[in-house]
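Since the structure of chain A is provided, determine the placement of chain B with the ligands on it from the hints.
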Amino acid sequence: MPLWKSYHIPRTVDEALATLAQYGGAARIVAGGTDLMVDLQYTDHVQPLEALVDVTRVQEMLDIHQEADDSCRLGAAVTHATIVKSTLLEARATCLVESCGVVGGPQVRNVGTLGGNVAHALPAGDGTTSLMALDAQALVAWGGGLHEWLPLPALFRGPGVSALDHGKDLLVAFRFTLCAPGEATAFKRIMRPQGVALPILGCAVWVKLNAARTHYDDVRVCVSPVAPKPVRAVEVEAALRGQPVGQQTLENAVAAAHRTLHPRASAYRATAEYRQHMIETLLRQTLPLATERAKTGEARAEGVGLG
Amino acid sequence: MSELKLTVNGVEHHLDVPESRTLAFVLRYDLGLTGTKIGCSEAECGICTVHVNGTPVNSCIFPAFKANGAQVKTVEGLAARDNGHEHLHPLQEAFIEHGAVQCGFCTPGLLMTAAALLDENSSPSETDIKIALKDTYCRCTGYTSVLRAIQSAAAVRRGDPKLPVAEPHVSEPMRSISQSEKVQDIEDRVTGRAKYTDDYTFAGMLFARTLRARYPHARVLRIDTSRAKALPGVHAVLTAADVPGENIHGLVHLDWPVLCAVGDKVRYMGDAVAIIAADSEDLAAEALKLIEVDYAPLTVVDDPVFARSPEAPLVHEGREGGNLLKHIKVRHGDIERGFAESDVIVERTYRTPTTEHAFLEPECAIGVPAGYGDHDKLTIYVGSQIPYQDRNQIARAMALSEEQVRVKGVLIGGGFGGKEDIAGQIHVAMLATVTGRPVKMLYTRQESLLFHPKRHATLIRIKTGVKRDGTLMAVEAELYGDGGAYASLSDKVMTRATTHATGPYNVAHAKIDCYAMYTNNPPSGAFRGFGVTQSAFAVEQNMDLVAEALGIDPIAFRLKNAQKVGVTTATGQLLRESVGLIETIEKVSADMHAGHFRWGWREGDMAYGWGIACAYKNTGLGGGAPDRADAQVEAFADGSVEVRTSSADMGQGLLAVLAQCAAEELGVPYKHVRVLLSDTDKTPNGGPTTASRQTYMSGNAVRLAAINLRDTLSRVVAEEFDCPPERLIFEEGLVRNNGTSMPFADAVKLAHAQGLSTNILHEYWGPKTQPLGTGGDMHFAFSYATQAALVGVHLHTGEVRVEKIISATDIGRAINPLLVQGQIEGGIIMALGNCLTESFIVEQGVPWSTLLARYKMPSIKHTPHITSYLVEHRTADGPYGAKGVGEIPSINTSPAICNAIYNAVGVRIFSLPVDQDALLRALREGEHEVHTAWHDVH
Ligand code: FES
Ligand code: FES
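Taken in order, these protein sequences are the chains called A and B.
By this note's numbering, the letter at position 97 of the first sequence is numbered 97, and the numbering carries on one by one without gaps.
By this note's numbering, the letter at position 620 of the second sequence is numbered 620, and the numbering carries on one by one without gaps.
Don't take each hint at face value.
Claimed, not checked - Covered stretches of chain B, going by a simulated chain A footprint (3 or more residues, C-beta under 8 Å): (1) 45 to 56; (2) 60 to 69; (3) 132 to 145; (4) 830 to 842; (5) 916 to 924.
Said to hold, decoys possible - Only pairs whose alpha carbons sit at most 20 Å apart, straight line, appear in this in silico PhoX-like list of lysine-lysine: (6) B:Lys671 - B:Lys182; (7) B:Lys377 - B:Lys682; (8) B:Lys289 - A:Lys5; (9) B:Lys162 - B:Lys329; (10) B:Lys182 - B:Lys195; (11) A:Lys5 - B:Lys329; (12) B:Lys5 - B:Lys73; (13) A:Lys295 - A:Lys208; (14) B:Lys130 - A:Lys85.
Since the hints were made in silico from the structure, they are not lab data.
Keep in mind that this is a model prediction, so the values were computed, not measured.
Beta carbons are placed, not taken as given, at the ideal position from N, Cα and C, and that holds for glycine.
Extracted from the complex, chain A is given alone in its bound form (with noise of 0.2 Å):
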């Protein structure tokens, strides 16, 4: 049985709305395929699509675009591999480099979309979790002609469940605020050699110091998986703002992470109280990398490849 019939190439996002459109549903996006294909192949699918929407030559969603206000615009089918090698993202985003950077091996990564990552929703996506500390927001064409910015975690309802219908709705773009001297991120991410390639704990870290380089102004984590959808971990957050730089800090942030955060078990990944320790393992290396790097201003991706 053909997984799908037809395959359209559609060369803007209204082209591509418009072939979704017509099939009324039975129709679905492909940018890299890296989960839609395997999806297809090994869930039961009793009738094959009617046709697949190759979104890889729609313009708009290929960029990386510094906008004036300093914030970047990146294509929802940019490949891993593109995001890896841009020196902008490196300098001034570095987490999600990072991220990008361990997704699978090159050839996944040299198709697979950042967008394509999201769009499947699941709540520990190694992408997700880097936009989710760029307070990244999301645009999205509904299939009913609306296109709108949306809040990161509005794409989420739960584990897997995607708040777009994939049969009539486009991811377009992200766009999130470039780091400006003083802030920087870090991510890393904690995975086991066996089973599936799915990161038993991330955690992205945004910081801003004071203009003195001493202090918290502003921070945002994200660790994930702790909960269906990815969220941020505001009491770590609370318990770094204005804070001085230092290890009594950090320890009141791991503090926190302890109190508020409670990952659970998953067979075959972890246990709940490996994932509550991992955190801190996590936290204890990403925030003070992050907080070098904004003290210094140097930023060099760490890990590329080696997930």
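Same frame as chain A, but now just chain B with the ligands:
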């Protein structure tokens, strides 16, 4: 349908194909570029890698139309061509030169991934290579040779000198023997020309699929195939009622139905219920869904200990012994006395999981009916480890005589023991016969995972007693082996686990009991290491526990008790020769101690530790089974020689070994010898390719056939030269006596002129062995090995990394040193997977590990630095002193790693694969033992 335009390797194609195709499919089946292989269709294994506009991608999940208008490059386009001449890419040359090609099935993927890397980076570091190849798997080589080959090719491209080949040191090399000759036609494996079963097509060929069980244990009440049969394009839907002969097969016990019948049962999820042949794979898959089967589910026997309890339902009814497939016993000395005289006794329980071969080529068989083209009889094309037993089992099920069936072996994309049992061979025989057309049955990776026999999960309780002076006194062990639904080779595998459960030591008193049990899990069978991998995990950790309790160095303790000539094994075999264990320990120990040595230390967040473990493994079937291999050696008037036998080369390089034996004895250049393997109509029976036996068995058969042939030629030439035949020397393609000589070809012509045959068949019988329990020689040779592992444990995550392996292996003689090294490096990495990454998870009879994505084998990123030494204690009856090498490297890696973990952090691992989660918990809570594994994480 619209037109697909692709430029592939510089050639523009305009194709009229369905839009639903993947790029891999179009390349392989529409364009016939079968160099691109499919190993998983999940974007996991990477062997399907091709370049699309210069970028490496997994073609198995790449929609073909996504590449519309693109430039595509495949392995067939890697070599440069001018005026019809092919110039291999430096990578292709380096892969051959450095021994980075074994079965070759992964090679196109590795080459294409590496080629993209070199295009971007002219001097890649080892880390750069590991990053680029992280998701391109090879199950054979262990990657060390791959890393070297890529660096060498990079050097050549930069105009620098290439890297020297890391050939191991051997003693007394001969003219052909102990030379690293290349396997014949190895170039085909780097150019994409090599053909594996799925690369063959026949006009009018149909495609087959198998309907598998819906429950792990259920009675089949009704099968209705009428809707499937009615689907246009479906040519046959067959069930048990259509099996022409006996509906049964099996290698040792006949207990496995060809198709499960109404009224009978399905016994595991991989059981076959119906088979279909249709015009296309898609159609066959669609028809599968139209078959209706009613089942009455039964209680699932999911565990070997439960299987032995009275409450357990029977997996096979009416069988004497119930679920007990076999109780295997070793009795040696007086166990009570042994423990009474021991000062220290250590008793522990160990667990090893079910593991999967994951050879990169999924099973495939093609049946061609008698009378089709030039096929005068029913012919099965298959990559099989045991062609003659395939023939026997096909004939029985087809109600044909063996002579009415031909099994033609083709290249095998890895086996490791997993291609010994029948897969689709009988099914395609049935479908081809019924339809009168060739029929191909290609398993998907997911079907392969579900279906084929795996490594036995075992539970091993072992008690070791020693005297204060370090003398090993007694070993008592009880093993439970999960045999799964069908016997396969369980009997033999678990026997090996049992007989080797003392380890390679001198133990005066032993009592070992093993219960091989039927369950409703996937069957267990042969897998490199053959049961010994399991028992060694327990034995070698108990050795360290005992050494620690005595306060003796683990190396000294092993040296004190190591088997040597004069020792009698627990099965009553007096070792008379070729016991190189002590030398392997000394070699490894010397390397470990070079420089500042410590068993364990800490550095920052890491703890490091060394661990050591020894192993031994029999060569050959043994246990009283008559072991025989036949081979033919034929010399032709042009001076060339052909060797023929049905023994399998699944990547280990038997092709070279056999040709080297013939070349050595006949004194002809290696290149003049061709080898034909595995065609039951053309090659005599070399016996199963299992038990590390082929170098010894078929090697001897070829050697002795060649000697007979040389004797024939000697007689003829001696007459011509008027000298005694024994004065003649065969070398450099000549037959020489003093100053006179004659080309080898002329000697052959001379023999032909006298009406003598230069085609010699030799039936070689291995030295006689004794059944277990009767004493005497249970095996005719043993190989020995010692390995040390250096391991790093992250103190805050529990993650374990193997940094280094030092290995020394006594293989009697390395007939082909580079191939031997390939076996050792590959075996070590496979065993590293056994220790750290692999477990085939089954939940109440239902596999969870249904995708390759759920079964991780080691990738290049796990490859530690490996140093390997060869030790060559010749065995008198082995060819040139050689004994087996296929399995011995896969036995002691896991316990060496776990001993190292203990020495690093003081926590001992009793269950595999190592779970970082439980290890960290033990570290945090100050515990010293971990009894759970990854698959226990919930
Ligand atoms: S990744 Fe394509 S076949 Fe395995
Ligand atoms: S040579 Fe790599 S899988 Fe066989």
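Verification of the supplied hints:
1. Counting residues of the segment 45 to 56 of chain B whose CB lies closer than 8 Å to any CB of chain A gives 4, which reaches the minimum of 3, so the coverage claim holds.
2. With 6 residues having a Cβ less than 8 Å from any Cβ of chain A, the segment 60 to 69 of chain B passes the three-residue criterion, so the hint holds.
3. A count of 4 residues in the segment 132 to 145 of chain B with a Cβ less than 8 Å from any Cβ of chain A is obtained; the coverage claim is therefore met, three being the minimum.
4. Counting residues of the segment 830 to 842 of chain B whose beta carbon lies closer than 8 Å to any beta carbon of chain A gives 5, which reaches the threshold of three, so the coverage claim holds.
5. Counting residues of the segment 916 to 924 of chain B whose C-beta sits closer than 8 Å to any C-beta of chain A gives 5, which meets the bar of three, so the coverage hint holds.
6. A hinted pair counts as satisfied when its Cα atoms are at most 20 Å apart, and Lys671 (chain B) with Lys182 (chain B) qualifies at roughly 9 Å.
7. The suggested pairing of Lys377 (chain B) with Lys682 (chain B) holds, with an alpha-carbon distance near 13 Å, which does not exceed 20 Å.
8. With a C-alpha separation of about 19 Å, the suggested pairing of Lys289 (chain B) with Lys5 (chain A) holds against the 20 Å cut-off.
9. Between the alpha carbons of Lys162 (chain B) and Lys329 (chain B) the distance comes to roughly 55 Å, so the proposed pair goes past 20 Å and is violated.
10. Annotation: proposed proximity of Lys182 (chain B) to Lys195 (chain B) holds, straight-line Cα distance about 18 Å (limit 20 Å).
11. Between the alpha carbons of Lys5 (chain A) and Lys329 (chain B) the distance comes to roughly 60 Å, so the proposed pair goes past 20 Å and is violated.
12. Between Lys5 (chain B) and Lys73 (chain B) the alpha-carbon distance is near 14 Å, which keeps this suggested pair within the 20 Å criterion.
13. Restraint check: the Cα-Cα separation between Lys295 (chain A) and Lys208 (chain A) comes to about 10 Å, which is no more than 20 Å; the hinted pair holds.
14. Between the alpha carbons of Lys130 (chain B) and Lys85 (chain A) the distance comes to roughly 18 Å, so the proposed pair stays at or under 20 Å and holds.
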